[in-house]
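4 protein chains.
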Amino acid sequence: MSTQRAGQRFGFLGPEGTFTEAALRSLPLGEGDEALPQRTVVAAIDAVRAGTVDAAMVPFESSIEGSVPSTLDELATGGPLLIIREVAIPVGFSLLARPETSLAAVKVIATHPHGEAQCRRWVIDHLPEARVELVSSTAAAAAAVGDGAYDAAIAAPIAGERYGLVELATDIADNAGAFTRFVLLARPDRLPPPTGNDKTSLVAFIRDNHTGALLEVLTEFATRGVNLTRIESRPTKERLGQYCFSLDCEGHVAEARVGDALAALKRICADVRFLGSYPRSGGEPTPLPPGRADADFAAATEWVARLRNGVIA
Amino acid sequence: MSTQRAGQRFGFLGPEGTFTEAALRSLPLGEGDEALPQRTVVAAIDAVRAGTVDAAMVPFESSIEGSVPSTLDELATGGPLLIIREVAIPVGFSLLARPETSLAAVKVIATHPHGEAQCRRWVIDHLPEARVELVSSTAAAAAAVGDGAYDAAIAAPIAGERYGLVELATDIADNAGAFTRFVLLARPDRLPPPTGNDKTSLVAFIRDNHTGALLEVLTEFATRGVNLTRIESRPTKERLGQYCFSLDCEGHVAEARVGDALAALKRICADVRFLGSYPRSGGEPTPLPPGRADADFAAATEWVARLRNGVIA
Amino acid sequence: MSTQRAGQRFGFLGPEGTFTEAALRSLPLGEGDEALPQRTVVAAIDAVRAGTVDAAMVPFESSIEGSVPSTLDELATGGPLLIIREVAIPVGFSLLARPETSLAAVKVIATHPHGEAQCRRWVIDHLPEARVELVSSTAAAAAAVGDGAYDAAIAAPIAGERYGLVELATDIADNAGAFTRFVLLARPDRLPPPTGNDKTSLVAFIRDNHTGALLEVLTEFATRGVNLTRIESRPTKERLGQYCFSLDCEGHVAEARVGDALAALKRICADVRFLGSYPRSGGEPTPLPPGRADADFAAATEWVARLRNGVIA
Amino acid sequence: MSTQRAGQRFGFLGPEGTFTEAALRSLPLGEGDEALPQRTVVAAIDAVRAGTVDAAMVPFESSIEGSVPSTLDELATGGPLLIIREVAIPVGFSLLARPETSLAAVKVIATHPHGEAQCRRWVIDHLPEARVELVSSTAAAAAAVGDGAYDAAIAAPIAGERYGLVELATDIADNAGAFTRFVLLARPDRLPPPTGNDKTSLVAFIRDNHTGALLEVLTEFATRGVNLTRIESRPTKERLGQYCFSLDCEGHVAEARVGDALAALKRICADVRFLGSYPRSGGEPTPLPPGRADADFAAATEWVARLRNGVIA
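Listed in order, the protein sequences are those of chains A, B, C and D. Take our numbering: the final residue in the first sequence is number 313, and no numbers are missing along the way. Take our numbering: the final residue in the second sequence is number 313, and no numbers are missing along the way. Take our numbering: the final residue in the third sequence is number 313, and no numbers are missing along the way. Take our numbering: the final residue in the fourth sequence is number 313, and no numbers are missing along the way.
Footprint (simulated), chain D over chain B, 3 or more residues, beta carbon under 8 Å: (1) 178 to 192; (2) 219 to 226; (3) 259 to 265; (4) 298 to 307.
No lab work stands behind these hints, which were simulated from the structure alone. Using N, Cα and C, we set each Cβ at its ideal position, and we do this for glycine too.
Please construct the entire structure, taking both the sequences and the accompanying hints into account.
Pasting the structure below:
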């Protein structure tokens, strides 16, 4: 995402005021760039595929918005897209209300089911009389509060800015310190260059569901010293019980060990869908075991080439 | 779930008319049994823990309701519960409307975001002029249609029965044949007995996030011929990047190979949470490789016992 | 071993009449070729290194001559040599005597300890009164019988031809059907071309003696569908308890899966010594699992190259 | 080997003066114990089986005597025997001669082929004019020198004592520091008790020769933290290309991780032959990874037993 190319159009999972918008806004957007809310993850992804937007930010893992399965499933099928960036942001819930509303006056709270689940104890402790109404997103809850439909919303702070609300309380989640990962998707073009601290995402469709098929896939990563950071089996659309695996690993496909692991997967799997290599958001790269650096791969390949020519020394 | 103990109370993810209720109703409920809708997955699980209900049906995998992460996360923490039954039902969407509404008269459709995503092509092809409004569940959409707020809902057929709607169209999902898995949760007591075609669920918390930690976990299953049917890495609440693994495998903990694999996990993992062994819904057990039947385990154990006593023959 | 280059000099583990000479004579030697007995395996190997002979045949596996450890140890150290051919011949022992000797007249039999071990039951059954004297090789036993030092020798039939003896009994080993593998060694030059049914030999020196170091080595073969046909841990000269592994596998280093496995070993091991790729003597190649043919490797490598250029389709 | 039971009969690979006798003499033999030379390894093993001796010392690994394959093959078949002790001794060659012989007077040296190989450089440097004759054992060489057949023998120092020879030179091997392992065999009765630093030996006959069969065997050790110290594939007698594996590992079968690994092998292999658990000679036990101690196995087994009774906490 270049900031010198002014005038890019970014979609994000809306409405305005979602955590996803907060993730997008955390990037260094250019002056003429636009941030365009999309009604659903699927709509955001389709907008990239159709060229309506240049890129789109969508939730990817452990989402408060509940949209992760859609993201994974959409990326695994349809026209190919690339993850070009990831953003992990703390998910801090606030209690948002119109400026004139006092805490004591809050009788009805709107939020998404996950917001309700994550802040339930706070509500019981601080607003034991309040009733919680569930709506389709935390931002929609804030919007509805702005419209006067409810007294308060449990939502992201950014939603307060969007809908003219103030924070009656901040960081009200029962478990502090939750993060959510968002990814910025674009049409395939060229990959972001390796930075030394990257991640690679892919979907592996196994040939058959035998005991140990996943073990074979993971072994190809482990033998090359490539650390996995996420794995999920996903039923394929065809049939419950037939699986593909959605994986994130450390490293960039331009690095020898990652490229070599992907090539191995390509050989042993029915299909492999590459979803991108992109700068990692936070976290240090796991130290490589001996023999897994690019120079090691190059030296070993040259050695075999020499052997094949009868040069044994 | 015994049918002779009349008067059991079953919670389910509500409101009335969800696919989850359909899953619960597919069981042979007893005459005096009650089916009680719960507002959220978390509420349903808490109701079991609190004893308000005897058991609760919640979505578990590939959910249309978007609630799977809550189910997994709730089961992984808090007071222990057991899965005592699974139900896999086809997820067939219908277009539901009040009896007097014709297809041509449908201008505004309500549904959950997943319903929208899965039926989009049908809507474009058959109701190109219609607008889709997103709400918190497919059943809530049907209820709102019953109240006159929208013209039609994309929801489960059961929702039509609950809210006095009729089916204007059936099986309108773009991908036919989708199934969703639901699980029936109860307080730990005694396990359902093995049936010969069971599944076991658990959460494994790895000691550290080194390359190959997951490989070690999977190897314990593979060496014993235990077939995995689902795996997901889940960030632990403490920190993004520290993982546990949520797993389903074939077989019952009462079977030697499964019990032995679980014991191995208990030794090599920081912690293992057992979520139950229960009859499988559909699918045939994967044939065992040689040497993994209960009799093989018993014979091998006896052989080692004899060796320890110097009986070598 | 080319038959058109007349006048090649072949060493073999002597003296004349050993099974090793029989192995050498089984090859299509050229008219002017010489077969030169060497006193020991080490002497035969040194003769190749020194250029005294062009190639040398030595026993390699399951030897009757008891020399295999020398062969392995010598190949693992010192100037590099290549195995360019293997010969597996049935090890059929005969009872050899001077023409005038009848079976009933045999009172003292000479042989190598292994000959004694393998034919003991036959001697007990047929010559219960005979005494067996142990000497340094079966051929030396035959030579000594020719010199009149003993009545009969248990040796290879070829030893009878060499020393003017006749066969009083043939195939007298208690276990019929034993084979021994011999290898023809040459200075490194160019490899024999792949034939579609080859073997590759090597020595892998592991980095440290941790649990699972060998497992890692074997995994590199198994993931690429390369079948091992022999493995031996060998204490390194430095210290008992520090090991290297001597390995044979199916396939030729010119084949992608074998070259790739060797490159992987080169990366993860302290050192790898390549001992040659050569036509296999007998046996069918193990069928490859899907995705391990040369074309699969080429296609996967190209796919990764395209990914790195942002070509995702 | 108890020293209070005076009068035990110990066989060893003879003749008198072998390194094997040196290994036997390194044990604390009792006053009335007898040490009886056996002509071959097979004869020594048969003497134990027949009850002619109570136990027998034979070379096992990296032998100077060249007898290791016999030992392995004999133990893998026939009546079961147990290794009850191992002895690793430094293999120091001396040049032995009759007392009146000076170094300068040595023209003909007798030794076993391995002695010749290992001391060749010393002979070239110190006795460039001498001729080396090969005989069936280093002790036989010393005996023949005692009889006046040769001028000197390359043999174990103990052989000098036996045959009235003196050491003209000591430690003449080109590679100093070589060790050989010998094992003491007895009829199966009761195992030596665990000492905290033991080894276990066995032979595993794999079901079929598929790629990865050995990998499966090694995985059973690695997952339980059991370190292998020796491995060799051995062609079975039936057919070249069908293999069994001869293995040594750290630990005692009475220890949970070793017993559990053996039970796993018993299940997945066509057959497993246990050769004994016995005190290790030298070397420290490899530190166990977490979760592999006896207490870990016991706790995990109890946990599964509780699960099976529905006790989940």
